[in-house]
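Sequence order for the protein chains is E and D. Take the first sequence: its position 82, counting from 1, is numbered 82 in the numbering used here, and each next residue is one higher. Take the second sequence: its position 62, counting from 1, is numbered 62 in the numbering used here, and each next residue is one higher.
Hints were generated in silico from the structure; no laboratory data involved. Only a predicted model underlies this, so the values are computations on that prediction, with no experimental measurement involved. Where is the CB? At the ideal position from N, CA and C, for every residue including glycine. Be careful, since some hints might not be right.
Which stretches of chain E does chain D cover? Using the computed rule of at least three CB atoms under 8 Å from a CB of chain D, they are [claimed, not checked]:
# : stretch
1 : 138-145
2 : 190-204
3 : 222-228
4 : 237-244
5 : 291-299
To give an idea of the interface, some chain E residues facing chain D are shown, with a C-beta separation under 10 Å as derived from the structure [claimed, not checked]:
#  : residue
6  : A20
7  : E30
8  : G73
9  : W79
10 : M80
11 : W148
12 : P151
13 : Y207
14 : P208
15 : T210
16 : T265
17 : P282
The lines below spell out each chain.
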Amino acid sequence: MANWAIEHLLATQNVDGGWAAYAEGPSRTEPSALAVTALGLTSETAGGAGTDAGLAWLRAHQAASGGWPAMEGQRADSWMTSLATLAVSHLEPDGEAARRGADWLLRQEGRTVSWWIKLLVRLRPQTKTVDLDLDLTGWPWTEGTFSWIEPTAYALLALKRLRPSLPARSAADRIDRGERMIIDRTCREGGWNYGNSVVLGEELWPYPDTTALALLALQGRPAAEVEAGLTALSRMLDENRSLLAVSLATLCFRAYERPADTLRTELAARAGPETAMFETRPIALAALALVDGPVPWRVDGDG
Amino acid sequence: MVDRRDFLKTSAAIAAVGGLTACRRDTPSWESGAIRKPDLSPVAVLPAPQYEETALVDTVTRGVGMFDLDVRDRRVVLKPNLVEFDPNGVINTHPTLIAATIESFRSLGAREVIVAEGPGHRRDNEYLLRASGLHEQLEDMGARFVDLNHDVVRRVGLRSSFTELGELYLPTTVLDADLFVSMPKLKTHHWAAVTLSMKNLFGIVPGSLYGWPKNILHWVGLEGSIIDINAALDVPRFNIVDGIVGMEGNGPIQGEAKQVGVVVFGADPVAVDATCTRLMGIDPWKVGYLSAVEPFLGNLAPEGIEQRGENLSTHQADFRVLEGFSGTKPAPSVSAG
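Bound-form chain E, shown alone:
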């Protein structure tokens, strides 16, 4: 019998094959990508009707550009393309959808500041209000804006999974720059905030969800920040035991082959979807964290 999270995903799948952000509502790309990955990697539901319908929903909503909108009817491609690409990379890694999604990701890049701002910062360092390397870029939430940890982490995970089928030089360059951007944004006490580590001289707090995602994205990258991040993540769980935090931490610790059995037991014993207010995202991540066998989002080799 499947765990409670999988049961909930099956029960809340829309008739069009996708999932809403919460138990009811129109299908969206982010929850659909996470939920179908969980169904596809869970032995009881792999290859089942729910997985097929979810995958069909993702295929049907990929734009000609290779990207995915956040929802039906939205004109622009979305940051959720990373998650959709990651989903299809698990379920049909040699498929056309994954390759087109990866191509789209390689064409996207966070924006940085103009040369005159960089010059100004060099001349008047006191005007620099955030402590980061202005030359390092990852992926933005919306096209033409700043790079942030979460969209960069998902993009790196997708590109690393599909790396053998991508143009070697451009993939290596984007992965390297994305990883260096994440490392550059590390909080001083370890771990990651959403975007910056210091603003106006004040240190920002790391969060368990962004820290786990950053660590997952850095798999295969030797860096002192990784070990510090794993330590910080353990510490953050003392304060935050939300379904989102515990699920992502479990995925992260499993990927790094750190002890995660206690966390998995805790997830399996959860009272059910109401603990996460019926939000699909943390529930799908819990289902992913509870997958037996190969660890979801694990990157083998050197990434």
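With chain E held as given, fit chain D onto it using these hints.
Only chain D this time, still in chain E's reference frame:
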């Protein structure tokens, strides 16, 4: 020392989280549909020394009663400021005031009172709602919470052009409200000087489409975005500001608590924010987005604001601002507006 102009331009561009990143070449304009400035805007300031629910129900009921606000059989949407949680901080609109407002609107005959927010920093709603205490309050009261970051949306054409956004997808929970109530906390803001009723509307912009912390709004210009969102929102509006304990210094997240002891009420968000700014000892004419909307969106000048309830001077507090906003102080004397 960095003057405010340099401060805003450089910090915004560098961080992509500042105010005047997108310096428009055209002069900003607004459609006739965005003109909502009344001849006179009543604003009420009522004393509220602490977060005590029974007393606050009475305060809110009295405050709302000072306005011609019929909520019978209406669907009321409360939009508090819920962005982050710090056990030692005062970041969010206090859950006790939210609970008191729900109770008050229910007692006034509202068909439904919904609490809706799209947290700007955290994507971990379970943690944020439980740690802040709001989840428990809403559960006790049987009130519904809508996550505006993931709500069903409609495309809305903007009615002013202080940014180049042109349109936004906004949540139907807000667009279809019979009464939308912005419930900010009285806080300074490190990029915009103050965050009050108007800035609080960043929380209605869905993060699922625009990212966290609503990054595109910062990129196209924080102050312009505040204006364009407020000018675009064409629903009956009211504002209730948590000024019991505010935040000074490096707001909206890392500032320090500042006891003021008031709740501020009013329908005109510009007049409400101008009054709050004066309470904070800041000159509203020196807050960029407030002075920019004065010609069309609401009243900023003292002669356009009808003061009800307490005298401002009784509660005026000297909020500390970051060095970059030192030009916003000192405010003119309260008696002069």
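Consistency of the hints with the structure:
1. Proximity of the stretch 138-145 of chain E to chain D, defined as three or more residues with a beta carbon under 8 Å from a beta carbon of that chain, is established by the 5 residues found.
2. Chain D is given as covering the stretch 190-204 of chain E, and this holds because 6 residues of the stretch bring a CB closer than 8 Å to a CB of that chain, at least three being needed.
3. With 0 residues having a beta carbon nearer than 8 Å to a beta carbon of chain D, the stretch 222-228 of chain E misses the requirement of three or more and the stated coverage is violated.
4. Check result for the stretch 237-244 of chain E against chain D: holds, 4 residues qualifying (beta carbon to beta carbon below 8 Å, three or more required).
5. Here the stretch 291-299 of chain E counts 0 residues with a CB under 8 Å from a CB of chain D, which misses the bar of 3, and the coverage is violated.
6. Annotation: A20/E was flagged as interfacial toward chain D, and the flag holds, the nearest CB pair being 8 Å apart, inside 10 Å.
7. A hinted interface residue such as E30/E counts as satisfied when its beta carbon comes closer than 10 Å to some beta carbon of chain D; here the least separation is about 7 Å, so the hint holds.
8. Using the Cβ-Cβ criterion of 10 Å, the hint placing G73/E at the interface with chain D is satisfied: the shortest such distance is roughly 8 Å.
9. For W79/E, the interface hint holds, since its Cβ comes within 10 Å of a Cβ in chain D; the closest pair sits about 7 Å apart.
10. At its closest, the beta carbon of M80/E sits 8 Å from a beta carbon of chain D; the interface hint therefore holds under the 10 Å criterion.
11. Satisfaction of the interface hint for W148/E is found here, the shortest Cβ-Cβ separation to chain D being roughly 7 Å, below the 10 Å cut-off.
12. Given hint, P151/E at the interface with chain D, holds; its Cβ is 7 Å from that chain's nearest Cβ, closer than 10 Å.
13. Satisfaction of the interface hint for Y207/E is found here, the shortest Cβ-Cβ separation to chain D being roughly 7 Å, below the 10 Å cut-off.
14. Checking P208/E against chain D: minimum C-beta separation of about 8 Å stays under 10 Å; hint holds.
15. With a least beta-carbon distance of about 8 Å to chain D, the hint placing T210/E at the interface is held under the 10 Å criterion.
16. A cut of 10 Å between beta carbons decides the hint on T265/E: the least distance to chain D is about 19 Å, and the hint is violated.
17. Annotation: P282/E was flagged as interfacial toward chain D, and the flag holds, the nearest CB pair being 7 Å apart, inside 10 Å.
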